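There are 2 protein chains.
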Amino acid sequence: MLLTQGSICRRLYFVEDGALRGYYYLDDKEITHWFGFENDFVTSFHSFITGKPAVENIQLLEGSILWSIGREELDKLLNEFPDVERLLRIAYEKYYLRLEERYVNSQFTSAKDRYESLLRQAPHIIERVALGQIASYLGISQETLSRIRKSL
Amino acid sequence: MLLTQGSICRRLYFVEDGALRGYYYLDDKEITHWFGFENDFVTSFHSFITGKPAVENIQLLEGSILWSIGREELDKLLNEFPDVERLLRIAYEKYYLRLEERYVNSQFTSAKDRYESLLRQAPHIIERVALGQIASYLGISQETLSRIRKSL
DNA sequence: TTCCGTTTTTGACCTTTGTCAAAAAAACTG
DNA sequence: CAGTTTTTTTGACAAAGGTCAAAAACGGAA
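Heads up: the sequence lines are chains A and B, in that order. Here the first sequence is numbered in the working numbering, starting from 1 and rising by one per residue. Here the second sequence is numbered in the working numbering, starting from 1001 and rising by one per residue.
Any given hint could be a false lead.
As the list claims (entries may be wrong) - Using 30 Å as the maximum straight-line C-alpha spacing, the simulated DSSO-like pairs for lysine-lysine come out as follows: (1) A:Lys76 with B:Lys1076; (2) A:Lys29 with A:Lys52; (3) A:Lys29 with B:Lys1094.
Rather than coming from a laboratory, the hints here were simulated on the basis of the structure. It should be emphasised that the depicted structure is a prediction, and the values quoted were computed from it without experimental measurement.
Take these sequences, add in the hints, and give me the full structure.
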C-alpha cells in the first residue's frame, strides 16, 4: 500500500515500471477509479492538491519501480524553475482531457463499448488486474462484465 | 453562439457575468456537458489545448459579459510572466478536481441524488436553464428528470 | 494430489432508467 | 388575446444493468 484513506498524500509518484490502482469504498464495496502504469504520474490528486485527508487508497498491483517527490520539494522546484511549472501545467492539460473523455464515455456509451474500448487502449490490463477491479473501474458490476466477456 | 463544432477554438473566455453552456450532438440529441457562470473560465478545452476542431458548441444562454484572450497572446503572457503559468496551473488543478468529483458522482449516485446535489450547489440554475439541458448535463433523459422533480 | 480460499461464471429475478407517443402547460408573436 | 411553437409532463412499455445466491474454475500451499 502506498496510501491509505484518511492519511494525507504528500507525494507525487512517477511510475517507471509496474502497475498500481487507486480505489475507495462505497458501502463496503471497493471502487477502483484509476489504474496507473508505466510513465504515469500517480497520487491522490485531491489530497495532494488540497492537503486534506485522502478518501482513496493506493495499492501496488505488482513489483514496481517508482520515483517520487514531496510537496515541499516540488514547490521549491516550481519556485526555482519556471520550466517545471510549465511541465506540470501541461501534464494537467493532458490529464484533464483524459478524464474528460472518460467521463463522456461513461455517460453515453454502453458497458460493452466501454470494455471494448478499454481493451483497445490497454490490452495488457486484462492479464494484470482482477476482473472485479476492472468492472468497478468501468462502473459496472462484476457479473455484468463477466457476461460481456462471454458475449464477445 | 461563441463556438460552433468543427471550428477551432482559439480563445479562452472568462465569464464576468452571464451564463453559457457547452454541448455536442450524440445521434441528433443535444448533450450539454457543462455550464459556465460568473467567474468561470470557459472554452472548448479539447480544441483550445490541442488546436484540433471542436466537437462541441458553445452557446450564450443570456446576455453576458465576457473577457477573452487568444492562444498566441496567452502563450506570450506565459513566456513573459511565470506567475501566469502558475495561475493557469492552479486553475487546472481546480478544474481537474471539479471534473473528478462530477465523474465519481455520475457513476455512483442515482439520478435523483445527482439532481438534488445540483440544486444544492447551483440553485439558480433552474431558473436560468431549460429542463432538457439540465437532464443531459446530469446524464439522464428529460422524462426521467421530470419524474424526479415530481417526486420531490 | 488434495484441500482451501479466492475469483469468475451462471441463473433467476428486480430496479432504474430509456424510448416513443401523446397530452398539457408555458412561452412567444403578431 | 388567439394562434403557434416550444417545453414539460404523463403513460405504457422495453432494455440495460444490478442483486443475490449458488456453482464452477482457478491458484496456490501442504
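Here is how each hint holds up against the structure:
no., hint, result
1, A:Lys76 with B:Lys1076, "24 Å, holds"
2, A:Lys29 with A:Lys52, "23 Å, holds"
3, A:Lys29 with B:Lys1094, "28 Å, holds"
Checked against the numbered hints above, the structure breaks none of them.
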